[in-house]
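One-letter residues, chain by chain:
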Amino acid sequence: MGFKNKNKRGYMQKPAKAIEPFRFYTRLHLSELTGLRASNLNQLLDIIKQVPGSCIYHHTHRFLQQHQYLSPEPPNDFAYWVSNVLGEDELGERLASIDTVQFFTVRSLRDKITSTIEEYLKKNISASLRFAGEGEEFHFIKSTSFILPTNCIAYDLGEFVDIFRTITIDSIYFHIFESRLRLEKKTNDFSNWIETSIGDKGLADKISRLDPYTHTLEDLRKTIIKIIEQRLRD
Amino acid sequence: MMVNMEGYIPIVGRPIIDDLRLLAEKLEGKVIQHINSTAVGGGVAEILNRMVPLLKDLGVESGWDVIKGGERFFEVTKKFHNTLHGKPGEITQRDFDIFLETSQKNIEALDIYGDIVFVHDPQPIALIKKKTGNKWIWRCHIDVSNPNQRVWGFLEDFIVKYDSAVFSAPGFSQKLPIRQFLISPSIDPLSDKNKELPQETIDSVLRRYDIKKDKPIITQISRFDRLKDPVGVIEAYKLVKKYFDCQLILAGGSAADDPESLQVLEEVMTRSKNDKDIHILLLPQDDIAVNALQRASDVIVQKSLKEGFGLTVAEALWKSKPVVASNVGGIPLQIKHKYSGLLCHSIDGASFAIKQFLANPGYAKKLGQNGKEHIKNNFLITRHIKEYILLFLSLYHKEDVVYL
Numbered sequence: 559m560g561f562k563n564k565n566k567r568g569y570m571q572k573p574a575k576a577i578e579p580f581r582f583y584t585r586l587h588l589s590e591l592t593g594l595r596a597s598n599l600n601q602l603l604d605i606i607k608q609v610p611g612s613c614i615y616h617h618t619h620r621f622l623q624q625h626q627y628l629s630p631e632p633p634n635d636f637a638y639w640v641s642n643v644l645g646e647d648e649l650g651e652r653l654a655s656i657d658t659v660q661f662f663t664v665r666s667l668r669d670k671i672t673s674t675i676e677e678y679l680k681k682n683i684s685a686s687l688r689f690a691g692e693g694e695e696f697h698f699i700k701s702t703s704f705i706l707p708t709n710c711i712a713y714d715l716g717e718f719v720d721i722f723r724t725i726t727i728d729s730i731y732f733h734i735f736e737s738r739l740r741l742e743k744k745t746n747d748f749s750n751w752i753e754t755s756i757g758d759k760g761l762a763d764k765i766s767r768l769d770p771y772t773h774t775l776e777d778l779r780k781t782i783i784k785i786i787e788q789r790l791r792d
Numbered sequence: 019m020m021v022n023m024e025g026y027i028p029i030v031g032r033p034i035i036d037d038l039r040l041l042a043e044k045l046e047g048k049v050i051q052h053i054n055s056t057a058v059g060g061g062v063a064e065i066l067n068r069m070v071p072l073l074k075d076l077g078v079e080s081g082w083d084v085i086k087g088g089e090r091f092f093e094v095t096k097k098f099h100n101t102l103h104g105k106p107g108e109i110t111q112r113d114f115d116i117f118l119e120t121s122q123k124n125i126e127a128l129d130i131y132g133d134i135v136f137v138h139d140p141q142p143i144a145l146i147k148k149k150t151g152n153k154w155i156w157r158c159h160i161d162v163s164n165p166n167q168r169v170w171g172f173l174e175d176f177i178v179k180y181d182s183a184v185f186s187a188p189g190f191s192q193k194l195p196i197r198q199f200l201i202s203p204s205i206d207p208l209s210d211k212n213k214e215l216p217q218e219t220i221d222s223v224l225r226r227y228d229i230k231k232d233k234p235i236i237t238q239i240s241r242f243d244r245l246k247d248p249v250g251v252i253e254a255y256k257l258v259k260k261y262f263d264c265q266l267i268l269a270g271g272s273a274a275d276d277p278e279s280l281q282v283l284e285e286v287m288t289r290s291k292n293d294k295d296i297h298i299l300l301l302p303q304d305d306i307a308v309n310a311l312q313r314a315s316d317v318i319v320q321k322s323l324k325e326g327f328g329l330t331v332a333e334a335l336w337k338s339k340p341v342v343a344s345n346v347g348g349i350p351l352q353i354k355h356k357y358s359g360l361l362c363h364s365i366d367g368a369s370f371a372i373k374q375f376l377a378n379p380g381y382a383k384k385l386g387q388n389g390k391e392h393i394k395n396n397f398l399i400t401r402h403i404k405e406y407i408l409l410f411l412s413l414y415h416k417e418d419v420v421y422l
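So the sequences go chain by chain: S and A. Counting from 559, one number per residue, gives the positions in the first sequence under my numbering. Counting from 19, one number per residue, gives the positions in the second sequence under my numbering.
Keep in mind the hints are simulated off the structure, nothing from the lab. As the structure is a computational prediction, the values presented were derived from the model and not from experiment. Where a beta carbon is used, it is the ideal one built from N, C-alpha and C, also for glycine. Each statement offered as a hint is correct.
Cross-link-like lysine-lysine pairs, in silico, BS3-like; alpha carbons within 25 Å at most:
| no. | chain 1 | residue 1 | chain 2 | residue 2 |
| --- | --- | --- | --- | --- |
| 1 | A | K416 | S | K607 |
| 2 | A | K394 | S | K780 |
| 3 | A | K390 | S | K780 |
| 4 | S | K607 | A | K193 |
Ranges between beta-carbon positions, derived for each pair:
| no. | chain 1 | residue 1 | chain 2 | residue 2 | range |
| --- | --- | --- | --- | --- | --- |
| 5 | A | K148 | S | D763 | 57 to 67 Å |
| 6 | S | I605 | A | N164 | 15 to 25 Å |
| 7 | A | P106 | S | G691 | 16 to 26 Å |
| 8 | A | S222 | S | T724 | 37 to 47 Å |
| 9 | A | K86 | S | N600 | 47 to 57 Å |
| 10 | S | P707 | A | I306 | 35 to 45 Å |
| 11 | S | G693 | A | K149 | 27 to 37 Å |
| 12 | A | K148 | S | D657 | 51 to 61 Å |
Produce the complete structure using the sequences and hints provided.
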């Protein structure tokens with residue numbers, strides 16, 4: 559029976575030592591107000607085109623950290639405002655269903671948002687006549703990230719999963735979302751490390767195939783733990 | 019009571035506190051000096067009373083100074099406060115002169131020792147004249163979404179000399195040539211106002227104020243201030259009372275910098291006489307009593323006409339209470355309508371929402387629970403401390419992605 563060979567963590571064998579250890583970082587953010595506000599779709603579109611990428615990033619990712627317990631939650635502030643304040647449900651749905659995980663840069667995500675609004679405005683001329691009521695304008699906010707190393711370092715997959723259980727969701731957020739899109743690394747840090755330092759491409763792919771935008775951060779934590787534990791038991 | 023960060027571990031978890039310690043190390047050698055206008059009463063003093071010792075516990079050297087002002091000065095700043103909230107009111111040149119005279123005395127008397135000087139609200143704003151090579155932040159706790167332009171213009175001359183400004187809600191931001199940050203205030207889950215209380219403490223507070231638990235309790239906790247609309251709450255209660263035999267508690271203190279509150283209290287007394295189910299309680303700084311009254315309530319109301327933020331909402335939600343509150347200031351950040359409470363825009367709307375809760379206890383309970391989760395994630399003092407430290411660090415880093 560395989561049980562005889564389990565080590566103290568309950569895995570079949572001691573996990574292989576990584577070529578490079580994984581250092582967990584954390585990302586803490588501050589919201590910077592721009593003073594820019596939109597009352598209708600044309601204004602929204604104009605401002606989306608000119609604001610820094612940090613604004614687009616903020617309004618498409620804020621919900622992930624602030625409403626992690628809340629499901630279902632609108633995936634981005636633009637979609638929410640267009641639907642709930644302007645009452646343009648169809649455009650709201652189109653903006654909400656933009657598949658963020660398919661974009662590797664904030665620039666390309668911004669282009670998709672602007673083209674979605676432009677196409678809609680072309681076909682629905684009256685949509686530009688709808689105005690938000692006083693106090694319901696869209697306020698543009700910019701996200702400033704502070705990235706710092708934590709004291710948590712994993713030298714193998716077993717240690718990794720142990721740390722992963724208790725690390726803050728800010729750290730998970732950083733390695734999955736911020737690294738991939740804002741820092742333009744194309745994949746999440748966990749998959750990158752598992753592939754290059756553990757040499758387990760299959761496991762790395764399994765994690766990078768997850769659509770993190772459809773999970774709450776705690777769900778994501780549980781799902782990744784399950785995937786890694788399964789591999790450690792195999 | 020000894021204040022330290024370790025006490026928050028059972029509530030938010032050790033990793034969050036570890037992150038705060040890591041972050042605080044990055045401020046090594048910097049002294050933070052908070053300045054406001056009152057040591058007791060009102061939300062700002064309450065936050066600073068907890069914030070300053072906790073920053074010190076994290077190793078961030080912090081001090082807190084209070085400016086001095088006479089009755090005339092505080093009457094003027096109360097006028098500023100009301101007109102910045104968009105309330106009509108006449109401001110004269112004499113008012114500005116009184117403000118500047120007292121400010122000058124404070125400029126001369128107050129010692130500035132901070133590497134970072136953190137000025138709260140308009141009262142001490144003119145101290146910026148003492149700026150030398152250090153960093154200055156102006157923290158606005160007021161709803162300035164629709165301010166009186168004359169007063170705002172007067173203050174703006176000072177604001178633009180600061181390095182950064184901080185507002186509590188996105189709608190409060192203004193076009194300014196300096197950086198502006200969004201930082202919501204917070205509640206402290208370990209303070210007397212929010213900590214868990216044994217049932218006997220709650221019962222004894224009710225006995226002290228002669229309140230029986232024989233009918234549902236609706237409560238608004240707030241200063242006796244027109245902008246909190248205590249008279250509107252009485253009206254809403256009277257509409258509810260037609261259908262539900264309930265009682266109303268209006269409880270609050272008065273702040274040292276608010277000369278108007280006694281006058282409002284008198285109006286409230288007049289409006290509520292002849293109804294033995296309305297309890298008007300003047301609670302000068304009795305946090306345990308506030309905590310007990312909130313916990314004893316069936317529905318908590320915050321029917322403000324304007325709010326800097328409305329932390330009583332967070333306090334009530336933290337106690338898992340169903341809350342009915344106006345859709346003003348920072349309240350919609352705390353309540354997602356029909357999910358973590360009910361928002362209202364009028365006396366009729368408030369009474370309708372209160373009736374919904376009283377008629378549907380299961381619904382009320384669910385919204386209260388959701389509310390507690392939302393407060394835990396976004397409005398506790400640990401998040402506030404994190405953002406203040408980041409704010410201090412932002413003074414030395416201009417980029418959007420900062421590697422520490």
